[in-house]
Amino acid sequence: MRAILLGGGLALLISLLGTRVAINKFTQWGYGQEIRDDGPTTHHTKRGTPTMGGVVIILATVIGYFGAKLITGDTPTASSLLLLFLFVGTGLVGFLDDYIKISKQRSLGLRSKAKMVGLTIVAIVFGILSLSPWLEDDRGQTPASRHISFIRDIGWITLPTIVVLLLIWLIVAATTNGVNLTDGLDGLASGACVMVFGAYMFVNIWQNNQWCGQTGLDQPNLCYEVRDPLDLAVVAAAITGACFGFLWWNASPAAIFMGDTGSLALGGALAGLAILTRTELLLIILGGLFVLETVSVMLQVTTFKVTKRLTGTGRRIFRIAPIHHHFEMLGWEQVTVTIRFWIITGICVAAGLGVFYAEWVAGIG
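Just so you know, this note's numbering puts 10 at position 10 of the sequence shown, and the rest follows in order with no gaps.
Derived from the structure by calculation, the hints contain no laboratory data.
It cannot be assumed that every hint is accurate.
[As the list claims (entries may be wrong)] In the DSSO-like style, the derived pairs of lysine-lysine whose C-alpha atoms are separated by at most 27 Å in a straight line are:
1. K25 with K305
2. K308 with K104
3. K115 with K104
4. K113 with K305
[Unchecked claim] What follows is a list of derived Cβ distance ranges for each label pair:
5. G331 with L310: 27 to 33 Å
6. S252 with E359: 36 to 42 Å
7. Q214 with W134: 23 to 29 Å
8. L70 with G30: 35 to 41 Å
9. W248 with V125: 29 to 35 Å
From the three backbone atoms N, C-alpha and C, an ideal C-beta is built for every residue, glycine too.
Sequences and hints are given; from them, build the entire structure.
Below, the structure is given as structure tokens:
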């Protein structure tokens, strides 16, 4: 528990102070945000705001985690190192995207295919390592499992390695895209991530307390077969703290944006936590806001293409997608949209944690 508090506290402090330094440096270097031309006109005033603040979130998390390990004298575990690999790896893809936007002075960075190739490489390497027998613990547990999971593994379905890797790729692609789409208003994505990663910290702590490796806890409907749950909680706490510190500067009016560096890294970390804690389907509930944002874009694009093919004129469901921009176009203030979407995230997190705990209580009965 001491490592969790230290990891979160160090990351919070580093992010809070480091973001202020990043704002000054990025402004000095001209690392300003380019705004999409088809977005709400109210966003044009944000042009030139420093971006790529996700670099600070990543550094704060990594330093916070390893700082906590150094102070407590604990050894980093395979699961946490894999999670940090996915976190930093997807963040690096986002960094390349942001850097191209800045250097080319345009709102589009990496081409979608190039971005997907980068995310695919990181996801597949993560998947291969997380399934590797080299990383089994004393009980034969690998960081990831070969089963689909909700609260825990659905044990009656064992998937072939290639299918597991495909599933891991799908989860990484979905979560990185979801957080990236949500990062469109001041503080929206960073505030939502604080709640979701905070929820995963508590999930990890509970899984550690009810871990199947403990003496006397061997009932499959009560204990959790997760490798290194407590150390995963340290990483989740560090990311939560880093997002909290960044939110101080990212709240409206934002003094800095996280950019794709931050949104892809945070999405990758969410995917990693879901996979490593055997809660892949639970993430759909906990991260309900990210699902909502993604579905709104999918519906918008699909409806437009289908109606254009059938009638010759494309029609849209929303005035603009993702859905938070739709409410802006209806006349809602940006702060109002952000706060109400935070409330939606809070409801989703509460529902997800409720389902998680209720399943355990039901197991007792």
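**Request:** Would you list, in rising numerical order, the hints stated earlier that this structure does not obey?
**Result:** The structure breaks hints 1, 2; every other hint is satisfied.
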